[in-house]
Every structure is written in C-alpha cells, then in structure tokens.
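Asker: What follows is the residue order along each chain.
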Amino acid sequence: MASDHYSIFSVLREALRGHTGWKPAWRNATPQPDYDVVIIGGGGHGLATAFYLAKMYGITRVAVLEKGWIGGGNVGRNTTIVRSNYLLPGNIPFYELSMKLWEQLEQEINYNAMVSQRGVLNLYHSDAQRDAFARRGNAMRLHGVDAELLDQQAVRKMVPFLDFENGRFPIHGGLLQRRAGTVRHDAVAWGYARAADRLGVDIIQNCEVKGFRFEGGKAVGVETSRGFIGAKKIGMSVAGSSSRVAAMAGLKLPIESHVLQAFVTEAIKPFIDGVVTFGAGHFYISQSDKGGLVFGGDLDGYNSYAQRGNLPVVEDVCEGGMALMPRIGRVRVLRNWGGIMDMSMDGSPIIDHTPIPGLYLNAGWCYGGFKATPAAGVCFAHLIARDAPHETAKAYRLDRFATGHAIDEKGMGPQPNLH
Amino acid sequence: MRIACPYCGERSLDEFIYSGDATVRRPDASAPTASEDYVKYVYERTNPPGMHRELWYHAAGCHAWLVVSRDISTHAISSVELAKDVALANNQAMKESA
Numbered sequence: 016m017a018s019d020h021y022s023i024f025s026v027l028r029e030a031l032r033g034h035t036g037w038k039p040a041w042r043n044a045t046p047q048p049d050y051d052v053v054i055i056g057g058g059g060h061g062l063a064t065a066f067y068l069a070k071m072y073g074i075t076r077v078a079v080l081e082k083g084w085i086g087g088g089n090v091g092r093n094t095t096i097v098r099s100n101y102l103l104p105g106n107i108p109f110y111e112l113s114m115k116l117w118e119q120l121e122q123e124i125n126y127n128a129m130v131s132q133r134g135v136l137n138l139y140h141s142d143a144q145r146d147a148f149a150r151r152g153n154a155m156r157l158h159g160v161d162a163e164l165l166d167q168q169a170v171r172k173m174v175p176f177l178d179f180e181n182g183r184f185p186i187h188g189g190l191l192q193r194r195a196g197t198v199r200h201d202a203v204a205w206g207y208a209r210a211a212d213r214l215g216v217d218i219i220q221n222c223e224v225k226g227f228r229f230e231g232g233k234a235v236g237v238e239t240s241r242g243f244i245g246a247k248k249i250g251m252s253v254a255g256s257s258s259r260v261a262a263m264a265g266l267k268l269p270i271e272s273h274v275l276q277a278f279v280t281e282a283i284k285p286f287i288d289g290v291v292t293f294g295a296g297h298f299y300i301s302q303s304d305k306g307g308l309v310f311g312g313d314l315d316g317y318n319s320y321a322q323r324g325n326l327p328v329v330e331d332v333c334e335g336g337m338a339l340m341p342r343i344g345r346v347r348v349l350r351n352w353g354g355i356m357d358m359s360m361d362g363s364p365i366i367d368h369t370p371i372p373g374l375y376l377n378a379g380w381c382y383g384g385f386k387a388t389p390a391a392g393v394c395f396a397h398l399i400a401r402d403a404p405h406e407t408a409k410a411y412r413l414d415r416f417a418t419g420h421a422i423d424e425k426g427m428g429p430q431p432n433l434h
Numbered sequence: 089m090r091i092a093c094p095y096c097g098e099r100s101l102d103e104f105i106y107s108g109d110a111t112v113r114r115p116d117a118s119a120p121t122a123s124e125d126y127v128k129y130v131y132e133r134t135n136p137p138g139m140h141r142e143l144w145y146h147a148a149g150c151h152a153w154l155v156v157s158r159d160i161s162t163h164a165i166s167s168v169e170l171a172k173d174v175a176l177a178n179n180q181a182m183k184e185s186a
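Residue numbers (my numbering), protein chains in the order written: chain A, 16 to 434; chain B, 89 to 186.
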C-alpha cells in the first residue's frame with residue numbers, strides 16, 4: 016500500500032511519530048509546455064473532471080488551471096447540500112448518477128468528505144403544493160430514486176419544533192428524500208485534488224487564463240499569467256466566470272452571473288438532523304457537524320460579479336427562517352457571504368461542445384452545482400475523452416434554446432433571476 | 089446598494105424589480121434571419137464583468153421604469169435615468185441617422 020494512502024493505519028503510524036510524516040495532499044505543479052487536456056477552473060467540477068479523465072478514461076496528461084486557490088470559489092461557498100429530487104426526465108438520471116457517485120466517493124478518492132445522508136425534507140403548505148410534490152415524488156420513484164410523501168404527523172415526528180400552525184403558511188407535510196444529505200464541501204475539493212494529483216494530473220494554482228490560441232479555427236492552447244500552455248483539448252469549467260472566459264473565445268452564452276448569499280450561525284448543540292426547506296418562501300437550513308446552522312435563500316436578483324450581496328435578501332432569508340422555525344430567532348449569525356452563480360436561461364446546466372473545435376463547455380449550474388460535482392466530472396470527462404455526450408447528460412446541450420428543448424424545472428422562462 | 093430614483097430620491101433596493109439588460113432591442117420579425125435573431129435576443133447575454141446598463145422598475149414607489157448604469161463587479165451605480173428619456177433619445181438618434 017502506498018505510504019500516502021489514508022487509512023486507520025496511516026493515522027496510527029503518524030500518531031506514533033508525532034505527525035511528522037504527512038505529505039502535502041497535492042504537488043505544487045509548474046506548468047508543462049503542453050497537455051492532452053487543459054481544464055480551466057480548479058473548482059469542484061474542474062477537479063472532478065480531471066480525476067475522472069485520469070481514472071475512467073486513462074488520460075493523465077491533464078492540467079487544471081486555477082486563477083486563485085483550490086477551494087476558494089463556489090465549491091467552498093455553497094451550503095453543502097446534495098440531493099436528486101428533480102422532476103424532469105433530462106435532469107433526474109443525471110442527478111441520481113451524482114447521488115450514487117456521492118455514496119461511493121470517499122472510497123473512490125480515499126478521502127473523508129463527511130458524506131452524510133441525513134435526508135432532505137421539502138415542506139408543503141397547501142393542497143396544491145402537496146399535489147405538485149406528489150407528482151415530483153412519483154417522477155423520482157419512476158426513475159428509481161427514493162422519495163416519500165409525509166403528512167403533517169410524520170413531519171411533526173421528525174422536526175417537532177417547526178411552526179406547524181403558522182397563520183399564513185401552515186405546514187401540511189413534506190416530500191422526503193432520505194438518501195440526500197450534506198457533504199463537507201472543502202473536503203470535496205481537496206479530496207478530488209489529491210486523488211487527481213496521485214494519478215498524475217497537474218494542479219496549477221495562481222494561474223489565470225488570459226486568452227485562447229487558435230490555429231485553423233481550432234483551439235490549441237491558452238495564454239495564461241504563467242505563459243502559454245498548449246492543449247489538444249480545453250474544457251471550461253468556471254461557473255460564475257463562464258461568460259467572461261467564453262468571451263475570450265468570442266462566444267456569447269445563454270448565461271447571466273448572479274450573486275447568491277449563504278449564512279452560518281454560531282455553533283449550538285445538535286438541533287436539526289437533516290436538511291429542511293420552507294415551501295412557502297425560499298429558505299433552506301441544515302446544521303454543520305461543528306454545530307453552526309447553515310442556511311440560505313433566494314438570489315439577490317440582479318447581475319453581479321461581486322462575491323457579496325445586499326441587505327434586502329438577508330432580511331428576506333431571515334424572515335423565511337423565522338416563519339418556519341421561530342426558535343432560531345435568538346441564534347446569532349456569524350458570517351454571511353456570496354458566490355457567483357452561472358444562471359442559465361432555463362435553470363439547467365450545459366455540458367457540451369462549443370462551436371469551436373477542441374473547446375468544451377461545462378456551465379450554467381445556477382445554484383445547483385455542488386450536488387452535481389461528481390456527475391458533472393464524469394460527464395464532462397466523458398464528453399472530452401470520447402467527443403460524445405455521456406448517457407445521462409445528453410439533454411444538456413448548448414443549442415437547446417434554439418431548438419426548443421429547454422429543461423425548465425421551475426417553469427420561469429428566460430428570466431435567470433427567477434430560477 | 090441603493091438606487092436614486094429621479095422622482096423619489098435614494099431608495100432601498102427592495103422597492104425595485106430588476107429586469108435585465110437595457111441595451112437589447114427587439115429584432116425585426118420580418119427579416120430573413122428573424123428566427124436566429126430572436127434566439128439571440130431572448131436567450132443570449134453579454135453578461136459583462138464591468139459596466140452594465142440595466143432596467144429597474146420602481147414597483148413599491150412611483151412605478152417608473154429606470155435605466156441604471158452599474159458596475160457589476162463592484163455594484164457602484166454611476167447614473168440613473170428615466171427609461172422614457174432614454175427611449176426618446178434613442179428614437180431621436182435613429183431618426184437623425186436615417
């Protein structure tokens with residue numbers, strides 16, 4: 016067994032020698048002149064793509080270029096929820112693949128990502144909403160995904176402290192996915208980085224892409240802050256910066272960048288077991304293993320590249336929380352922050368070729384990118400390696416808006432701030 | 089971020105509704121390229137990292153439509169104009185160039 020394999024034995028061995036033998040989790044690679052594949056963006060998706068390229072498709076001459084540092088973008092800014100409770104046929108198989116990959120992730124990458132299948136409970140507050148949730152649950156079960164429709168009594172048993180008799184939004188029940196839950200987000204980035212590095216992938220931090228180089232209409236490399244790097248194939252996986260990076264290749268995407276805020280409170284004793292979402296507003300909450308309540312709500316609603324939001328949404332999120340569970344009112348918020356969401360025109364992602372040969376796109380994740388990390392990695396790696404879409408990601412085409420095949424879960428149309 | 093409505097003065101953001109890029113124009117529906125033009129008009133976005141001209145509606149105020157110039161990377165607002173004035177100026181400019 017390799018000496019850098021993490022296990023109970025490596026922990027014991029290091030305990031006995033004063034933790035002097037741990038090695039850096041990944042090399043600080045210097046850029047080579049060229050690679051088979053260059054992935055732009057060292058977030059969860061980019062690192063997962065590099066890992067699966069090496070592991071499943073045998074392509075190890077891969078570089079991941081990150082402008083900042085690993086784990087500093089959305090992979091470290093989300094609320095750590097993973098689930099596959101989708102409605103539409105284009106989405107369910109993909110997110111269920113992701114859920115299955117989460118379930119085996121820690122063995123796969125030999126890293127403790129604290130995958131915790133603590134359940135996601137979506138509450139309903141009216142008869143109409145119950146019917147809509149029953150339909151969603153049925154769609155999930157038809158695709159082999161677990162879903163249970165709970166009545167009020169069953170929800171009371173799980174989370175007795177909710178405001179069930181709220182005058183305006185009484186809680187009638189909920190749709191529960193028990194296999195869903197949370198995953199330690201930073202550990203996902205670090206775990207994929209370490210696992211990819213061990214397979215020979217170069218992870219290059221502080222390396223900003225400044226432009227593309229084309230030859231005969233084909234993308235042949237990227238100009239970076241650390242010089243030119245040649246590549247047979249280039250994958251863009253840059254979330255909120257998708258439009259910016261694509262613009263360097265002369266592409267205009269069906270994407271707007273919006274800011275989404277998240278919040279964490281001071282640590283308290285165990286309080287909420289799973290993830291609970293408010294169906295009458297937009298509020299979702301879980302408790303981290305450190306004890307802080309982690310919660311969030313709607314987008315701020317205007318285009319933004321600033322990783323911070325404004326107070327009206329803070330107020331709105333807190334009102335949602337108070338309507339759902341008044342007893343959190345005296346817990347103090349420790350921090351709030353913002354992340355830049357690549358909002359697509361139908362709320363669903365894009366994993367596809369671009370019109371430029373050699374250039375591939377993984378974008379439009381809206382605020383659902385984290386839960387998709389493993390499947391996005393597999394599907395983007397498949398697309399790059401095989402030049403054909405993965406079975407579960409066939410619907411995520413860039414041209415679907417032109418052909419009328421939008422996948423609009425929420426039925427909002429091309430109004431990205433409403434998805 | 090607060091928006092200075094020309095009628096109401098500086099007001100909180102939650103009085104306003106955002107309605108996106110103010111610079112796009114509805115394409116000519118009778119043009120031979122109309123269907124591609126409309127896909128671009130409805131679905132594609134410039135989404136620039138810097139200055140953005142955008143429509144805001146003062147819903148909980150005077151109901152005016154505004155064109156706000158805002159730096160998307162910093163949220164700094166450099167100007168707020170009435171959308172009506174912007175539209176009239178555009179029409180005037182189009183007439184003069186025609």
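Hints were generated in silico from the structure; no laboratory data involved. Cβ atoms here follow ideal geometry from the backbone N, Cα and C, with glycine treated the same way. Please note that a few of the clues may not be correct.
Which residues of chain A face chain B? A partial, calculated answer using Cβ under 8 Å [stated by the list, open to error]:
1) Asn125
2) His187
3) Arg199
4) Ser258
To be clear about the criterion: a stretch of chain B counts as covered by chain A if any three or more of its residues have a C-beta under 8 Å from a C-beta of chain A, and this derived list gives those stretches [stated by the list, open to error]:
5) 94-102
6) 133-146
7) 160-166
Asker: Which hints from the list above does the structure break, by number from lowest to highest?
Answerer: 1, 2 and 3
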